[in-house]
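Enquirer: Okay, here's what each chain looks like letter by letter:
There are 2 protein chains.
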Amino acid sequence: MVYREGRKLCVGFVGYGHRGVAQLSALLSMPDVQVVAVCDFYQDRADCAGAAVAEKSGKKPFVTTDYREILAMPDVEAVVIVTSWQTHARIAVAAMKAGKHVGMEVSGASSLEECWHLVRTAEDTGRTCMMLENCCYGKVEMQILNMVKKGLFGELVHCQGGYQHDLRSEIGRGDKERHYRQDNFISRNGEVYPTHELGPIAKLLDINRGNRMLTLTSMASKAVGLHEWLKVNRPGEALSETRINQADIVTTMIKCANGETICLLHDCSLPRPYSRGGRVQGTKGIWMEDNASMYIEGLSPLSEREWEHGAWEPLANHPEFEHPLWKEYAEFGVRGEHDGMDYLVMRAFIESVQNGTTAPIDVYDTASWMAITCLSEASIAMGSMPVAIPDFTDGEWVRRDPLTPSCYALDDVYEDLYGKE
Amino acid sequence: MVYREGRKLCVGFVGYGHRGVAQLSALLSMPDVQVVAVCDFYQDRADCAGAAVAEKSGKKPFVTTDYREILAMPDVEAVVIVTSWQTHARIAVAAMKAGKHVGMEVSGASSLEECWHLVRTAEDTGRTCMMLENCCYGKVEMQILNMVKKGLFGELVHCQGGYQHDLRSEIGRGDKERHYRQDNFISRNGEVYPTHELGPIAKLLDINRGNRMLTLTSMASKAVGLHEWLKVNRPGEALSETRINQADIVTTMIKCANGETICLLHDCSLPRPYSRGGRVQGTKGIWMEDNASMYIEGLSPLSEREWEHGAWEPLANHPEFEHPLWKEYAEFGVRGEHDGMDYLVMRAFIESVQNGTTAPIDVYDTASWMAITCLSEASIAMGSMPVAIPDFTDGEWVRRDPLTPSCYALDDVYEDLYGKE
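Chains as they are written, first to last, in my numbering: chain A, -7 to 413; chain B, -7 to 413.
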């Protein structure tokens, strides 16, 4: 059920950049959530966050530029972290050590140790550490999840996805001192933003619950797109002469314990329409995002050209396969940014804290998804050498139940738990 | 110009399986070609080939089950090889040594030495060795080639393609003893059929003429699709209990000397619509086959959602970018199998022999494209280790002219040579 009114939850909010505006707004739309403290490194942003809370709730929250002040507040039970990529983990660790549950925006890790630090701290403190991967709750992603769990694709074999978003004008903005993505593109070279596509795929493949990611290899193209754009659009600025390390296209292949392969694409500095490039294939069928189509053997039509066998049909032909959560969400009223998925992932975090249930994206998911970034950097630096992906569950993945009876479950128990109400 | 009547060319034809029927038919439709000898390992097929020639030309050709008898015929100037994958190279080498020019069907190599053997023999004998990669002459592939050479995509960065064809019912046929693809799927595991997508991509990237493929890494999924199909469709037959080595999905990443990346997919044992999965990206735009769309900066429309930037538009919106060869071909009359491209590639071979010009797909192209197969097998066997791709030009690629003034040129000299006639 979407939105089950729960006990009042006091939340601290850290990070009020562009993304923070949307996420704070999602929290403020929930009657059972009270944002009692807000923080940003920059005073002006912190003040803006405070004003946003006061305007919406009528209560002025505690406002600070030092997140540790929020962690010291006894009534704060959960912290939502929407800061720069590099700071998520250290703030999350500090928050868990202070006894707070953590909902953390998406990012990739800088080191494996950073991922292990999250895992060990969550284990030691018993706190939740959930990556707020909104795309796990995308309408199409959830329809595919539903179809996979119903067996429509048969045994899964291969999945693809990408973060394919022309960010040249965003990365090329002049306000460098507040722009962490720009810093990352100048200095790093890897799959720096894997989770929008990998999160939903990992849930399809039961990663960390009966399956795991074993190894990956990454390859980087040249880096020319951003530089070419800067020369035209930022003439005379230092940035237009700055060397860009981040490849225009990074391709990453991942092998899973149960034999599935995953192919990821990072594609952010060339002109293109937006796409997460989803593709799921099993022994019974295929779905592709880029033509919004599927072919399920025995269900979809055959091609008129016999040698082609199957024919694509629009996914939209099959509203009967929509995920039950999204059917309820439509009745409840889709809200918030990114076509409604921001609200759902935030609500999943809030209700898991309220009810003390396992988060649908737990610390093992969070750590293993983030680890792809630093591992891809290592692979590229070593000429696309394969590198091992750690088992952050310390072997528990072989017997962890793929069914997690949680609110907003990202598996096939959703209907069993809530569908019959 | 499509079809420039040339001097009479006597051709020997080797291999009359399913593919041979189509290719012989293409040859027999050319008034300046005389098929004087035909061969197949199986007598019944050889006889069929002889009958086909006699019926079409009125002249009964020499018919044999031993191709060496054809190589001994002085009047045979060129040999077309349409046999099983594993036999192409050895027959081609023998043919060149016998002074014949070779047009050879597509395949992947079993060893690098096999590729070098082709190269050294072609160099030593001065004979043509052209892979008849029909997809280089596909209508859409040639439109993309034309657009790339006109600079519409800017500097190229990344290309993708695949051989994505549900072949379960073909591979799972019972007539094992004549079915080389089945043997390959049972025994091998790699990118066994790379050239339909790699050929056109290599031409876009000037491979072996100013650029080259440096290294690759391949990853194999589990192999379950074919086995599952056989259990249902061939119950009780030994084949349904045979272990299949070939992965359902093989993904291969290739790095080029000028920094471009190529991603290939082999996908032949899962249910799906046919697609060669083409994708080309540069600093000015993108094309994708699967949605039949493109986005060229400054030409294509923008998305209504500002953060998405570009919007897809159908490639069909731009007939002005069709390749001039295909415009002429439409007037001449599109003919033969595979939407007309079979005829074009065969004609390209014939006219290059008639005129003594460089073949548009030369022995270096042939060898480097075929080499992907055995290199991908090696990479997979070693856990996706990167492996080096040989430079079959012995360093000449750095100064070989990307413009090859040949008939049916696969570069941008086509219009200069023929467009003004």
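Note that these hints are calculated values from the structure, not bench results.
The structure displayed is predicted, hence computed values, not measured ones.
Be aware that a few hints might be false.
All copies of an identical chain are treated as equivalent in the list; a pair is satisfied when it fits inside any one copy or across any two copies.
Once the Cα atoms are required to be at most 25 angstroms apart in a straight line, the calculated SDA-like pairs of lysine to any residue come out as [unchecked claim]:
#	residue 1	residue 2
1	Lys214	Val379
2	Lys223	Ser292
3	Lys319	Asn283
4	Lys131	Trp304
Enquirer: Each hint should be assessed against the structure and marked as holding or not.
Expert: Hint by hint, here is what the structure shows:
With identical chains, the CA atoms of Lys214 and Val379 are at most 25 angstroms apart both within one copy (21 angstroms) and between copies (19 angstroms). In this homomeric assembly, Lys223 and Ser292 come within 25 angstroms of each other (Cα to Cα) only across copies, at 22 angstroms, whereas the closest approach inside a single copy is 49 angstroms. In this assembly of identical chains, the alpha carbons of Lys319 and Asn283 lie at most 25 angstroms apart only when taken from the same copy (23 angstroms versus 28 angstroms across copies). When the C-alpha separation of Lys131 and Trp304 is checked against a cutoff of 25 angstroms, the pair qualifies both within a copy, at 20 angstroms, and between copies, at 21 angstroms.
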